[in-house]
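**Student:** Here's the letter readout for the chains.
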Amino acid sequence: MRRAVLVPRAVLLLCCFAFAISLGCAKRDLSDLLAPNEVGTIVVQATLVVGERFPRVTLSQTLSPDRPYDEDAAALPGADVRIFTSTNGEVRYSEYSNGKYDATSFTGVPSPEVQPHTEYRLVVRAADGRTVTATTTTPDSFSVRDWLLLEDPSLEIRRRLATFSDYPNRPDSLYFDPKNQLIYQDGLLEARFDRVGAAAYVVGLESLDNGSPFVIEADFLSEEDLAQFQRLTSSPPLAADLSFIRLPWFAIFYEGRYRIRIYAVDRNWYDLVRSVPTLGGTNAGFGGNVGDAFERPLFHVEGGIGLFGSGSMSEIGFMIHPKP
Amino acid sequence: MESGESIAYARVSLTPDSTAVDSAAAPAPLSRTAGSAGRTLTNPSGYYAIPGVSAGRYTLEIRAVGFRDHRESIVLGEGETRRDATLEPAPFPVPTVDVAGTRSRPREEQTLTGYVELPAKQLARLPAVGEQDIIRSLQLLPGIQSASDVSTGLYIRGGGPDQTLILLDQIPLYNPTHAFGFFSTFNPGAIKDMLLYKGAYPAPYGGRLGAVLDVSNRDGNRNQFHGQGGVSVIAGRLTVEGPIQNGSWVLSARRTYLDPILNAVRSDSNEVPSYYFYDVNGRVNRSLSSRDNVMISGYGGKDDVHLDLDIGSYVDIRWGNSAGTAKWTHLFGPGLFGNFLVAASEYRSDTEVRIFDTPYRVSNRLLDVSVKGDLNWRPGRGHEINAGLLASRYHFEYDQEFNGVPQPGLDQTPAAVSVYAEDDWDLSALTAVRAGLRLERFGKRGRFGLEPRVSVSRILSDRFRLKAGGGGYTQHLQLVSTEAFSGADFWVPTDVTAKAGRSWQAVCGVEWEPSTRHSVSLEGYATSLRNLVQLDNLRSPDASGTSTEDLFFTGGRGWAAGVELFAQRKTGSLTGWIGYGLGWSRRRFSEVNRGETYPPKYDRRHDLKLVADWKRRKWSYGAAFLFGTGQAFTPAAARYTLINPANGGTPDDGLLLPGAKNSARLLPYHRLDVSATRHGSLFGMKADYFLQVFNLYSRKNEWFIQYDTDDPETVPKVVHQLPIVPTIGVNFEF
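If you read the sequences in order, they're chains A and B.
With the working numbering, the residue at position 122 of the first sequence is 1601, and numbering never jumps.
With the working numbering, the residue at position 527 of the second sequence is 663, and numbering never jumps.
Since the hints were derived computationally from the structure, they do not count as laboratory data.
Heads up, a few of these hints could be off.
[What the hints assert, rightly or not] Heads up, incomplete: computed chain A residues facing chain B, CB under 7 Å, no partners named:
{"#": "1", "residue": "T1541"}
{"#": "2", "residue": "P1647"}
{"#": "3", "residue": "F1729"}
By construction, the Cβ of each residue, glycine as well, lies at the ideal position given by its N, Cα and C atoms.
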């Protein structure tokens, strides 16, 4: 009798365990993780650099998040693109190729170059009648006064680097100037400048020699990790009250030629890059709950998303050599 | 075993003895008009007072949960005002959640909404993961959420962990976590009990918008030397205690022993960090006279992580708390009792990272030095007056350095003073009212906060009680918390650039005791929040300006509302509870989510908890089942691309555009934890051998959605929480 009672109890217990284990097999429809309700939004991109010609304007549309990005599918052709100044100047654009527009006509503007301390307004009218607008005010002209190599840790000046202004007709020769030959992690590279009325500074780095070997020594990195390193990198936005920027060695990965550009940027550019992690954003999840870092970027575009920003720039080139 | 510890909230009754026996040593027989009777409860320090008692013969009865009823005939002479008593422990099983059992309930629990008193021993028996943890056990109560399986942060009734004041012997602990938030700093062997006010907390407490968790260290055994300890897969702990002249002492310590194991598996080809944590609690109590008692307690704990990556590359992180309290308790006279203390609490965290010869260092420190005085006065039947003062001086330090360049930091030393008064009044035999007022002054410019508090309870019948309460609350300190890494948490005082946080709470509930071993409560709450702040995650690390306006989004608003059902079986071989919560929580900041209202991540519509504890002979079995609506997350709404204007680069697979903040839900969360404990012996000591299994059916509960912003795939990754985790260990007593 006792055994007969125990057997059904054991069967019941096993059934409960089996049911409990089956509950552990969570089924998830991955499409529920997406909410594709902003497909087809117009994306504008144009960055004005003081002293340079009016830039290309790129127009596209957002695609569904469950598809790889397709530049041709996203392109927005057939739009009317104009940039206006506060003094009634107008720059008209013509379509160069699918979704790409170049400045072709300048009315009431002093020159085809972008001026400092000037407000510009972008107006885009798409073929389907939608309108997108954005405004930027360019910062003052910006120039690095001294590019220096300092002793570490005393910070005494070891030497001044040559600049592109020393090679006005042969810019490529700058990389081979003896003063611009740098040994990896030997000394500190610093740029000193006078502050301008900018929202922040952003540094862009380019390793120009495709295929050049790594200069870093990192046994703790796997092949997969090393494949993530890129030849084009940029800094997060840096404080506007700086008067110098020191280059951290962890931003340099390869041997060969490097070009560094420091931009003094406007509010639009600053807000975008600090809110998009890929562009150097600081929203890397510090503070708050995990997963909360996925936040909408700051676009400053009415009727669409993207960047219509401006900056002024100073640049230098040098050669990186591995440690002896 | 008698420990000599004071007994809080014991029910004391004094009845004139009309059958007094005349003796040469006794006073004259009682007249019908002589003497008076009375009932009261002991206060948290075990003192009681019954005013208006004349000389005479009485029967003194004292009842308390866990103790045998005490009954004795006493004779009070002229001018005699004091009678102490010692209660013997009772053998009957202690309920899983002790709301003071069937015959004696704490005054707080009778009159306040959302109040729970939790003896640490009972919480420590609930199923755990790796190491018994009292804070994790609190997460098994309705209305209390956790952010994840690896976090001990308390999200109570729609509020965040920074909205709960956590006290240890009346001094705040500012980051009571170990192991990146996985465990709390509360050693189960060192803790006596925990008082949890889930909302509408009374006037003696302040400084937080939501709830209060008041933890007390054990006093120590005044009668004999005693010890207890435990060993689990994570850590070992030991508590020893014993008597001193007119007092007691207790010392508890706990430490992980993972470091030898990690050292053994570390090699040149793998980067295994070294890690350990420890904590130490100590307390000494001594009665200096029949009216004076002094107590000194201390806590120290630390976590240490070190990871060597390569020559010139490493990560070094250390963080910890330390706290000390010195308290003097004085009985001024019958019915007037005072506590005076000096206390200090420090939290410190230091991080050093060096990658490819580029150093980064950040350190933060919070020091809180406080002086506090509380008076408890029972002027006449029905009234109990509490009043007090708290003066605190804070020192907030935060500094960071990147590549040898100092970054903007913080160094502030604000002061705060608060005073309160409240009357806990038995309006009638059926109705009690507790009304109070708290006034706070914070900072150099003297920002004031006036906080009324009120609670009412009404006995509807011998089985039904109605309770309601509410009040206003102010918060001047803001926590910047990182869910997956609590060692980075730091506190910041709000300054004049932002208003202090403010909340108004209202709670109403009904309690029903269908029998002496069961109770059911249904409680509804509503909270309005103003002047909330949220860290501006997009701020450049080197941006100057460290005011509240610079660091945070300010002026936020929010609300939370819900109902909770809590049904308990408190005594017997099978005890436990069913808790269900239905709740909503919302936030709104002008700079977040384009100014639209959104639910915080921890907003959970449904929250169900079933807990059972079954004793049978030499075995105890436990189970806990949790079910909750999935947490909120932000889905991806579209894909686009942008050229990096600084270098002309373009991400290969574009960028993902986030949709409305927290507009989607993860799958529901549920898991089952079980435990089995064998009561036996070990080398002559009492020992409990336990096996605990966390997440028995290894449910792949979702933690968060990971979007790879560098290379966004078409299908986002779901990061899951802990799988099945078994734990074994042994607890012993000597």
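**Student:** Against this structure, judge whether each hint is valid.
**Tutor:** Each hint tested on the structure:
For the restraint placing A/T1541 at the interface with chain B, the shortest Cβ-Cβ distance is roughly 4 Å, inside the 7 Å limit, so the hint holds. Given the 7 Å rule on beta carbons, the hint for A/P1647 is violated: about 23 Å separates it from the nearest Cβ of chain B. Interface hint status for A/F1729: upheld, as the beta-carbon distance to the closest one in chain B is roughly 4 Å, under 7 Å.
Violated hints amount to a single one, hint 2; each of the other numbered hints is respected by the structure.
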